[in-house]
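Q: Chain by chain, the residues:
2 protein chains.
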Amino acid sequence: MNYLKLIIAIVLIASSARVQAQKKEELKDKYVLVIHGGAGTISKSKLTPALEYEYTCALEEALHRGQYVLDTGGLAITAVEVAVKYLEDSPLFNAGKGAVFSHEGVNEMDACIMNGKDLTSGAVAGVRNLKNPIEGARLVKDSSKHVFLYGDDAQEFCLSKGASYADSSYFFTEFRWNQYLKAREKGTIILDHDTTDVNYQYKTLEELEKFGTVGAVALDRHGNVAAATSTGGLTNKEFGRIGDSPIVGAGTYASNRSCAVSCTGKGEFFIRGTVARDIAARMEFADISLTESGERTMKRLKKLGGSGGFISVDKDGNYIMMFNTKGMYRGVVTNEKNAVVKIY
Amino acid sequence: MNYLKLIIAIVLIASSARVQAQKKEELKDKYVLVIHGGAGTISKSKLTPALEYEYTCALEEALHRGQYVLDTGGLAITAVEVAVKYLEDSPLFNAGKGAVFSHEGVNEMDACIMNGKDLTSGAVAGVRNLKNPIEGARLVKDSSKHVFLYGDDAQEFCLSKGASYADSSYFFTEFRWNQYLKAREKGTIILDHDTTDVNYQYKTLEELEKFGTVGAVALDRHGNVAAATSTGGLTNKEFGRIGDSPIVGAGTYASNRSCAVSCTGKGEFFIRGTVARDIAARMEFADISLTESGERTMKRLKKLGGSGGFISVDKDGNYIMMFNTKGMYRGVVTNEKNAVVKIY
Chain A
1 MNYLKLIIAI VLIASSARVQ AQKKEELKDK YVLVIHGGAG TISKSKLTPA LEYEYTCALE
61 EALHRGQYVL DTGGLAITAV EVAVKYLEDS PLFNAGKGAV FSHEGVNEMD ACIMNGKDLT
121 SGAVAGVRNL KNPIEGARLV KDSSKHVFLY GDDAQEFCLS KGASYADSSY FFTEFRWNQY
181 LKAREKGTII LDHDTTDVNY QYKTLEELEK FGTVGAVALD RHGNVAAATS TGGLTNKEFG
241 RIGDSPIVGA GTYASNRSCA VSCTGKGEFF IRGTVARDIA ARMEFADISL TESGERTMKR
301 LKKLGGSGGF ISVDKDGNYI MMFNTKGMYR GVVTNEKNAV VKIY
Chain B
345 MNYLKLIIAI VLIASSARVQ AQKKEELKDK YVLVIHGGAG TISKSKLTPA LEYEYTCALE
405 EALHRGQYVL DTGGLAITAV EVAVKYLEDS PLFNAGKGAV FSHEGVNEMD ACIMNGKDLT
465 SGAVAGVRNL KNPIEGARLV KDSSKHVFLY GDDAQEFCLS KGASYADSSY FFTEFRWNQY
525 LKAREKGTII LDHDTTDVNY QYKTLEELEK FGTVGAVALD RHGNVAAATS TGGLTNKEFG
585 RIGDSPIVGA GTYASNRSCA VSCTGKGEFF IRGTVARDIA ARMEFADISL TESGERTMKR
645 LKKLGGSGGF ISVDKDGNYI MMFNTKGMYR GVVTNEKNAV VKIY
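Order-wise, the sequence lines are chains A and B. 1 is the number of the first residue of the first sequence in our numbering; add one for each residue after it. 345 is the number of the first residue of the second sequence in our numbering; add one for each residue after it.
Because the hints were derived from the structure by calculation, they are not lab data. Just so it is clear, the structure is predicted and the values come from calculations on it, not from any experiment. Misleading hints may appear alongside valid ones.
To be clear about the criterion: a stretch of chain A counts as covered by chain B if any three or more of its residues have a C-beta under 8 Å from a C-beta of chain B, and this derived list gives those stretches [as the list claims (entries may be wrong)]:
1) 144 to 150
2) 246 to 253
Computed cross-link-like contacts, DSSO-like style, restricted to lysine-lysine with a CA-CA straight-line distance of at most 30 Å [unchecked claim]:
3) K659(B) to K315(A)
4) K337(A) to K28(A)
5) K117(A) to K647(B)
6) K299(A) to K489(B)
7) K372(B) to K97(A)
8) K303(A) to K670(B)
9) K302(A) to K461(B)
10) K315(A) to K44(A)
11) K46(A) to K489(B)
12) K315(A) to K646(B)
13) K441(B) to K302(A)
14) K461(B) to K299(A)
15) K647(B) to K30(A)
16) K117(A) to K643(B)
17) K461(B) to K145(A)
18) K647(B) to K302(A)
19) K505(B) to K303(A)
20) K485(B) to K374(B)
21) K646(B) to K326(A)
22) K303(A) to K461(B)
23) K145(A) to K374(B)
24) K646(B) to K117(A)
25) K485(B) to K299(A)
26) K145(A) to K441(B)
27) K141(A) to K646(B)
28) K475(B) to K303(A)
29) K647(B) to K681(B)
For every residue, glycine included, the Cβ atom is placed at its ideal position computed from N, Cα and C.
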């Protein structure tokens, strides 16, 4: 009888342990991916319908690529890298391929990635010839004993670890931008547009230049959050300027204790306001919701004089997309909701 | 009668306004200055009495210089700059003059300064020829529209605004270090020390190299807090590596809402842990004391695997000096308490 009891007990314990182990490996249904392509004085009057369509398509495709990763049980850190990489490859945003607007054809790009699971992160700043700065940031995170590398040395490190090199001719130039716009307008709306009239195009270009940081935050089916941000910086910035995007706690932050954040806007205010960390810290230390934390952080950013926006997703799948500018290129997709893209 | 009442009322209002204005300008008695010269495996057996004496003198003098500023009603931001500048000028710490240990005689120095009153801040990283990197950080804060500048461009900007240039020969070299040690030991303890025995000296040098970040935090008589940190970085670091010292929220932070913080230790952990901001954020959002906030932040830093320490003073004049290493060069002076310096 006692033996029987023992055997039953062992079987029960073993099967309960097995169920628990299975539970641990079981993927949750819930996943969320939120992206942004920069915030600024974006208004209907300044974007042609064709350009608006281009932006919508690019943001949707970035969402779909990241969604595929999450849907199939991939990690948040991979989803945000994939989404940001796609936006970097687009000439529409001031990151990666679209980063260069200066006459010299050079620009300094920054990027940062952070994993909420273990707070590991990687960042590069002032790189000029990495095809995808976010890939560089990921390599720093995974393969360097450091978190933050700058300039030619950062680039050299990333290339030695397998990052893709891109000649400066790969990056976007004003000339090529005008070519592109002309082609688009010919093909879609203004068939007989006067090709010598580049004024309008230049104005649009200026708008884009200012507000083109890209970013992504995600919650994966394992319950991890992650964040990634990439930027070509500001025009007419002093060289050697580092903005908020590559700085953990300023433009990028992620912790499974609270949420993942990616910011865009006037970087100096986001550094001084430690905006990305504050959104998470308010949740952790004041025990308030993501929405309330976002609102309080936005209020304080405004008080500092800062303009811009941020996206965030918390560990429970709540998400926010907040900005105090006219518009922010943004989009979201979840396990329950098809991709939605908004601009204004 | 009515006229008389009116006149009395005016006089009363005017005098009360005058008293209030005087009150506003009235300086409080309380001021605090805390400094550090790095944390690490500093133990009695590794420091000669002569070297220990040198460290004590240097830290005391830095405290006295900063104290003079505070005592005479100067600003916290000036006091921390003055104190850090003095430590930079000493060859004993891995910042400013003492920053260079490499055979090439070059090193990359980082510094950051932040004013708790308005959250303005300035930082430089990867500079090689600024005599006082903290002066560079202050110039970025006061004269640049940016917060964070890197490398040759940062240096150029600071020099154009009046920062002092220093040739690489100014900075500390191994050769000169050995000369210095020999001179000291001859003069103080080991008169007949074997001058060919450089092994011991080299070992000491290695210790110093690792843990030589300097920093200061202060509360001034106007009620403002400020923080400053300066470092020569790590030996054998990858070039282009940015540590926590120049990053707002990582190695340096100040806000009149809570406290001012300067950190020292393995920078990567302080970046990932947003240590400086977290000490302040816990006070602001969780409404706990500086000591409790410091303890919780230290606990989390340990959990991440980070070693080092930090100093902090809050808006009410409470201060902490915490570290999870064997020792930290540190000191404090207040309006009530003479300068006290400790190492172990």
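Q: Run the distance test for K461(B) versus K299(A): straight-line Cα separation, threshold 30 Å.
A: holds (18 Å)
Q: Given the hint that K302(A) pairs with K461(B), test it: the Cα-Cα distance must not exceed 30 Å.
A: Given that 30 Å is the threshold and the Cα spacing comes to 16 Å, the pair holds.
Q: Would you check the hint for K461(B) and K145(A), treating anything up to 30 Å between C-alpha atoms as holding?
A: Status violated; Cα separation ~35 Å.
Q: Has the given pair, K46(A) with K489(B), been kept, meaning a C-alpha gap of at most 30 Å?
A: holds (28 Å)
Q: Quickly compare the C-alpha distance for K303(A) and K670(B) to 30 Å and report which way the hint goes.
A: violated (42 Å)
Q: So if I understand the rule, the pair passes when the alpha-carbon distance is 30 Å or less; does K646(B) with K117(A) pass?
A: Distance ~16 Å between K646(B) and K117(A) Cα, so the pair holds.
Q: Between K117(A) and K647(B), is the straight-line Cα distance small enough, at 30 Å or below?
A: holds (13 Å)
Q: Does the structure keep K441(B) and K302(A) at a Cα separation of 30 Å or less?
A: Status violated; Cα separation ~40 Å.
Q: Just to be careful, I want the Cα atoms of K337(A) and K28(A) compared with a cutoff of 30 Å; is the pair within it?
A: holds (16 Å)
Q: Verify the coverage statement for the segment 246 to 253 of chain A against chain B, using a C-beta to C-beta distance below 8 Å and requiring 3 or more qualifying residues.
A: holds (count 5)
Q: If you draw a straight line from the CA of K475(B) to the CA of K303(A), is it 30 Å or shorter?
A: violated (36 Å)
Q: Does K489(B) lie within 30 Å of K299(A) when you go C-alpha to C-alpha?
A: Distance ~22 Å between K299(A) and K489(B) Cα, so the pair holds.
Violated hints, in rising order: 3, 7, 8, 10, 13, 17, 18, 21, 23, 28 and 29; the structure is consistent with all others.
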